[in-house]
Each structure stands twice: as structure tokens, then as C-alpha cells.
Amino acid sequence: MVVILSGIPGAGKTTVMQKALEKKPLKFVTYGTVMFDLAREKMGVEDRDAMRTLPVERQRQLQEMTADRVAEMGDVVVDTHCTIKTPAGYLPGFPYDILKRLRPRLVILVEASPQEIAARRSKDQDVRQRDPDTVEEMEEHQMMNRMAAMTYATLVGATVKIIHNREGRLEEAADQIVQALG
Amino acid sequence: MVVILSGIPGAGKTTVMQKALEKKPLKFVTYGTVMFDLAREKMGVEDRDAMRTLPVERQRQLQEMTADRVAEMGDVVVDTHCTIKTPAGYLPGFPYDILKRLRPRLVILVEASPQEIAARRSKDQDVRQRDPDTVEEMEEHQMMNRMAAMTYATLVGATVKIIHNREGRLEEAADQIVQALG
Amino acid sequence: MVVILSGIPGAGKTTVMQKALEKKPLKFVTYGTVMFDLAREKMGVEDRDAMRTLPVERQRQLQEMTADRVAEMGDVVVDTHCTIKTPAGYLPGFPYDILKRLRPRLVILVEASPQEIAARRSKDQDVRQRDPDTVEEMEEHQMMNRMAAMTYATLVGATVKIIHNREGRLEEAADQIVQALG
Numbered sequence: 044m045v046v047i048l049s050g051i052p053g054a055g056k057t058t059v060m061q062k063a064l065e066k067k068p069l070k071f072v073t074y075g076t077v078m079f080d081l082a083r084e085k086m087g088v089e090d091r092d093a094m095r096t097l098p099v100e101r102q103r104q105l106q107e108m109t110a111d112r113v114a115e116m117g118d119v120v121v122d123t124h125c126t127i128k129t130p131a132g133y134l135p136g137f138p139y140d141i142l143k144r145l146r147p148r149l150v151i152l153v154e155a156s157p158q159e160i161a162a163r164r165s166k167d168q169d170v171r172q173r174d175p176d177t178v179e180e181m182e183e184h185q186m187m188n189r190m191a192a193m194t195y196a197t198l199v200g201a202t203v204k205i206i207h208n209r210e211g212r213l214e215e216a217a218d219q220i221v222q223a224l225g
Numbered sequence: 044m045v046v047i048l049s050g051i052p053g054a055g056k057t058t059v060m061q062k063a064l065e066k067k068p069l070k071f072v073t074y075g076t077v078m079f080d081l082a083r084e085k086m087g088v089e090d091r092d093a094m095r096t097l098p099v100e101r102q103r104q105l106q107e108m109t110a111d112r113v114a115e116m117g118d119v120v121v122d123t124h125c126t127i128k129t130p131a132g133y134l135p136g137f138p139y140d141i142l143k144r145l146r147p148r149l150v151i152l153v154e155a156s157p158q159e160i161a162a163r164r165s166k167d168q169d170v171r172q173r174d175p176d177t178v179e180e181m182e183e184h185q186m187m188n189r190m191a192a193m194t195y196a197t198l199v200g201a202t203v204k205i206i207h208n209r210e211g212r213l214e215e216a217a218d219q220i221v222q223a224l225g
Numbered sequence: 044m045v046v047i048l049s050g051i052p053g054a055g056k057t058t059v060m061q062k063a064l065e066k067k068p069l070k071f072v073t074y075g076t077v078m079f080d081l082a083r084e085k086m087g088v089e090d091r092d093a094m095r096t097l098p099v100e101r102q103r104q105l106q107e108m109t110a111d112r113v114a115e116m117g118d119v120v121v122d123t124h125c126t127i128k129t130p131a132g133y134l135p136g137f138p139y140d141i142l143k144r145l146r147p148r149l150v151i152l153v154e155a156s157p158q159e160i161a162a163r164r165s166k167d168q169d170v171r172q173r174d175p176d177t178v179e180e181m182e183e184h185q186m187m188n189r190m191a192a193m194t195y196a197t198l199v200g201a202t203v204k205i206i207h208n209r210e211g212r213l214e215e216a217a218d219q220i221v222q223a224l225g
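Top line first, the protein sequences correspond to chains A, B and C.
Residue numbering for the first sequence follows the working numbering, starting at 44 and increasing by one per position.
Residue numbering for the second sequence follows the working numbering, starting at 44 and increasing by one per position.
Residue numbering for the third sequence follows the working numbering, starting at 44 and increasing by one per position.
For the record, the hints were derived by calculation from the structure and aren't laboratory data.
One or more hints might be untrue.
[Said to hold, decoys possible] With a cut-off of at most 35 Å between alpha-carbon atoms, the simulated DSBU-like pairs for lysine-lysine come out as follows:
{"no.": "1", "chain 1": "C", "residue 1": "Lys85", "chain 2": "A", "residue 2": "Lys128"}
{"no.": "2", "chain 1": "C", "residue 1": "Lys67", "chain 2": "C", "residue 2": "Lys85"}
{"no.": "3", "chain 1": "A", "residue 1": "Lys67", "chain 2": "A", "residue 2": "Lys166"}
{"no.": "4", "chain 1": "C", "residue 1": "Lys66", "chain 2": "C", "residue 2": "Lys143"}
{"no.": "5", "chain 1": "A", "residue 1": "Lys128", "chain 2": "B", "residue 2": "Lys143"}
{"no.": "6", "chain 1": "A", "residue 1": "Lys62", "chain 2": "B", "residue 2": "Lys143"}
{"no.": "7", "chain 1": "B", "residue 1": "Lys85", "chain 2": "B", "residue 2": "Lys143"}
{"no.": "8", "chain 1": "B", "residue 1": "Lys143", "chain 2": "A", "residue 2": "Lys143"}
{"no.": "9", "chain 1": "B", "residue 1": "Lys166", "chain 2": "A", "residue 2": "Lys143"}
{"no.": "10", "chain 1": "A", "residue 1": "Lys166", "chain 2": "A", "residue 2": "Lys70"}
{"no.": "11", "chain 1": "A", "residue 1": "Lys85", "chain 2": "C", "residue 2": "Lys67"}
[To be verified] Selected chain B positions facing chain A (in silico; Cβ < 10 Å):
{"no.": "12", "residue": "Leu97"}
{"no.": "13", "residue": "Tyr133"}
{"no.": "14", "residue": "Phe137"}
Even glycine gets a Cβ: it sits at the ideal position worked out from N, Cα and C.
All chains should be built: construct the whole structure from the sequences, respecting the hints.
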């Protein structure tokens with residue numbers, strides 16, 4: 044069973060999932076890492092930037108290979124993006140033809156209040172932004188993620204679990220994930 | 044023409060629909076009842092709890108048979124769930140492969156304010172909850188239902204009619220359903 | 044590359060797009076006009092009202108022909124509806140079988156505040172309503188458009204760009220479209 048784990052940067056998805064995995068151990072991989080490993084192995088790509096400059100057709104093959112590899116992993120939680128915010132708009136992480144290969148049974152969306160997200164982002168060098176998202180932009184992204192997740196769920200018969208990651212209530216959020224994992 | 048009627052518990056979907064059917068008589072069935080009848084008839088299941096413990100493959104067959112049977116009913120309104128709230132998250136009532144068999148032309152979502160829903164739930168033994176949903180949880184469920192409904196509509200070319208069931212305005216809500224039924 | 048441009052009446056989609064096209068010239072057509080031209084050419088239809096009274100099967104053929112013709116236009120922006128508000132509810136402008144023919148790469152949603160939309164509608168004879176939409180109705184329609192757009196994006200691998208068309212900030216909105224067009 045493949046589980047998709049998503050949440051906008053700063054929502055705390057990895058922290059919550061790690062706490063949940065202490066209670067219920069499961070294989071846990073990052074989609075981007077699986078993809079980069081495949082790009083290196085099959086396409087001779089040497090770094091992540093080179094991966095992004097592959098021709099469209101090669102990128103597409105890479106997407107398909109990554110979905111296939113994850114689908115073969117058995118019970119696995121995949122840290123990934125439900126939608127990616129690009130200059131061209133919200134890009135679904137899993138368009139239907141890729142989703143069909145991955146066949147997730149559960150999509151976990153870790154959400155937090157824009158205030159907590161902003162606080163986490165300002166402290167974390169990796170997600171700090173030169174031009175920080177406004178409260179409205181964070182709410183919009185979380186809403187678009189829900190929409191994409193519900194579409195995924197309908198297309199392949201999965202469930203969508205929304206986890207509210209509230210400040211100081213990490214255990215509770217982790218317990219809800221454990222419950223969703225069944 | 045198959046019409047899906049949905050709404051979270053306490054939104055008042057059955058009351059509104061019964062009032063609408065006084066004005067425009069139509070066949071009206073409950074999806075769960077059609078399913079249970081089939082389970083009894085074809086699988087020797089004796090009660091609803093036994094239905095839930097069928098092996099996954101049998102449950103899947105039952106879903107398909109139910110969708111097929113409703114699709115053969117001609118003009119019919121089906122009382123059902125747009126999404127079901129489970130411990131694993133929101134489960135779409137009609138994943139794509141089932142939806143394709145049912146081919147609804149119209150999805151009616153009966154919504155109400157969380158305050159009115161809470162009031163109705165507290166009075167109704169059937170939907171009373173040991174741990175009542177918060178206002179946010181009811182709003183979230185109604186929003187996820189809209190998302191699922193819009194996905195269904197796009198997949199099979201249906202329309203989504205949102206009916207606001209406001210306290211003391213039952214006639215108005217029923218009239219909007221009659222209008223949507225065309 | 045086909046780009047869908049949508050927004051509820053009064054959101055200002057055409058104004059914003061025309062400003063964007065001054066900066067980045069592209070073919071720009073109205074879906075309804077392409078459809079009417081085809082109806083006249085292939086089906087002998089003489090006016091737009093006659094188009095709406097075609098038998099369902101002919102309407103369906105017309106939808107397919109229109110999507111095919113636009114898809115053959117190369118780089119083109121199509122002014123159209125993401126969902127259409129009908130008495131039977133929100134109708135997706137592009138059900139899946141039509142969407143597959145059109146294959147948009149980008150869905151642009153031009154949104155505005157209900158207050159600004161109401162102000163524009165009251166001044167514009169074409170979109171003025173006898174029974175004006177409430178603030179809630181406008182918000183609901185914009186939200187349903189987002190849901191449909193995200194479903195489209197997932198089905199065919201497009202992106203969804205939300206453009207906030209704020210009073211007095213037309214240039215900014217146009218620049219965001221130019222950026223999304225790449």
C-alpha cells in the first residue's frame with residue numbers, strides 16, 4: 044500500500060510523520076530522492092539541477108519510472124507534493140497517467156495555520172523565501188492541495204486524511220496519522 | 044437519468060428531497076439499501092454488519108453490482124454519500140470505476156450551517172455522535188463533498204447543484220431541487 | 044499549447060488578458076464563437092439561440108468538433124467558462140471526454156472580490172442580472188471554478204494559475220499572466 048504524504052513547506056509534514064513512524068514503523072521515502080536516484084542510475088544525471096533540464100520526453104519517462112519504482116516498494120509512505128507552486132500556476136504532483144501507476148490508497152495532507160507556517164519558514168533556511176507568501180497565498184495553496192487530493196482519491200479509490208498540525212499538539216497529529224494508516 | 048443526493052448527516056437532505064418529491068414525483072432509493080438487498084440476494088449476507096466484513100474482492104463486486112442496478116432504474120434519485128468520513132480520511136462514495144457504471148447526470152449537495160446541523164444532530168438519535176464534530180469539521184466535510192462532486196461532474200459530464208437548506212425555508216430549498224430536476 | 048482563460052462574469056478576464064496580450068502577443072479566441080462558426084458551417088445553424096436548441100447528440104458532436112478545432116490552432120488562448128451556472132447546477136465547461144480532445148496545458152482563473160464584481164456587473168449591460176448574485180453566490184462560483192480547474196489539471200497534466208484582479212492593479216495581473224504563459 045502506497046501512502047502519499049503532503050503539506051506545503053512549513054506545515055511540518057516530515058516532523059509529524061517521523062513522530063507517527065516511531066509509533067508505527069513503515070518504509071518512508073522521499074519522492075524526489077527516488078527520482079534523482081533513478082535519473083543518476085538510468086540517465087547519467089549528476090545533480091538535481093541537471094535533472095530539471097532534461098528534455099520533456101526524458102522527464103516524462105523519469106516520472107513514470109519513479110511512480111513504478113515506488114509502487115513496487117510494498118507498504119511505503121512517500122514524502123512528496125500534492126501540487127507544486129510554479130510560475131505557471133499550481134502543478135498537480137500526480138497527473139492521472141502517473142497516478143494510475145502509483146495507485147496510492149491514502150493521501151495524507153498535513154496542514155497548519157498560516158501564522159505557524161510563517162513562523163516555521165522564517166526559522167528554516169531551506170524553506171525561507173526572499174518574497175514570503177502572504178496568509179492568503181498559504182491558505183490558497185492548502186486549498187488547492189485539498190482539491191488535487193480529492194481528485195486523486197476519486198480517480199484511484201483512495202482516502203484523503205487531513206491532519207491539523209497544531210502548535211504544541213504534535214502527539215495528537217501523529218496519533219491521527221497512525222489511525223489513518225490502520 | 045440518475046440523480047445523486049448527498050449531504051452530511053444533519054444537513055437535512057432526506058427532508059428536503061421528500062418535500063421536493065411531493066412537487067415532482069420520482070423514484071427515490073437509498074444506495075445502501077440497494078446494496079444490502081443485493082448482498083442478501085447474491086451473497087447470502089444476513090445483516091448490514093456482515094456486509095462490511097466481506098472480503099475486499101466481494102465488496103468490490105457488490106459496489107459494481109449496486110451501481111449497475113441503480114443505473115438500470117431509469118429516472119431515479121439515489122440517497123447516498125458524496126464522501127464518507129472514515130478513520131482513514133474522506134473516502135469518495137463513487138471512485139471513477141464505479142462512477143462510470145452509475146453515470147449520474149446531476150449531483151445534489153444539500154448543505155446547512157454547522158449550527159443548524161449540530162442542532163439537528165443533537166435531536167436525532169441516529170446521527171448523534173459520542174464525540175460531536177466541531178464547526179470546522181462540519182465545514183471541512185461539506186467542502187470535501189463539493190470537491191468530490193465537482194470531480195464526479197467533470198468525469199461523467201454531470202452538474203452539481205448546491206442547495207442551501209436554511210432553517211424555516213424548506214419550501215425554497217425544495218423548489219430549487221425541483222428546478223434542478225428540470 | 045492551448046491555454047484556457049476563465050473567470051466569472053465581471054471578474055475582468057477579458058480586460059486582463061487583453062492587457063497581457065499587449066505584452067506577449069498570442070492568438071486569442073472565444074470558445075463560444077468557434078463553436079458558433081462550426082454550427083453555422085457544418086450544421087446550418089443561423090443564430091446562437093438555434094445552437095442551444097439542437098438535439099443533444101448534435102450538441103455533443105458540436106462540442107467535440109469545437110475542442111478539436113481549438114486543439115489544432117497551435118498556441119492559443121481560449122476565452123471560455125470553467126463551470127457554467129445553470130438551473131441544474133454547476134456544469135463543467137470541459138467534461139473529461141471533451142477535455143481529452145482539447146488538452147490544455149494551462150488554466151488561468153481570473154478572480155476578483157465579490158464587491159468589485161458586483162460593481163462591474165452593475166455597469167455592464169451584458170452581464171447585468173435581473174436578480175443579482177449575492178456575495179456568497181459569487182464566492183461559491185469562484186470556488187467551484189477552482190475545483191473544476193484542479194480536476195482538469197490533474198486529468199491532463201496542466202497547471203492552474205489564479206490571477207487576483209485587484210482594482211487599480213491591472214498591470215500586475217497582466218504581468219502574472221505573461222509570467223504564466225512562460
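The hints, checked one at a time:
no.	hint	verdict
1	C:Lys85 - A:Lys128	42 Å, violated
2	C:Lys67 - C:Lys85	33 Å, holds
3	A:Lys67 - A:Lys166	29 Å, holds
4	C:Lys66 - C:Lys143	30 Å, holds
5	A:Lys128 - B:Lys143	31 Å, holds
6	A:Lys62 - B:Lys143	40 Å, violated
7	B:Lys85 - B:Lys143	22 Å, holds
8	B:Lys143 - A:Lys143	16 Å, holds
9	B:Lys166 - A:Lys143	44 Å, violated
10	A:Lys166 - A:Lys70	29 Å, holds
11	A:Lys85 - C:Lys67	39 Å, violated
12	Leu97	16 Å, violated
13	Tyr133	5 Å, holds
14	Phe137	7 Å, holds
Hint check: violations occur at hints 1, 6, 9, 11 and 12; the rest are consistent with the structure.
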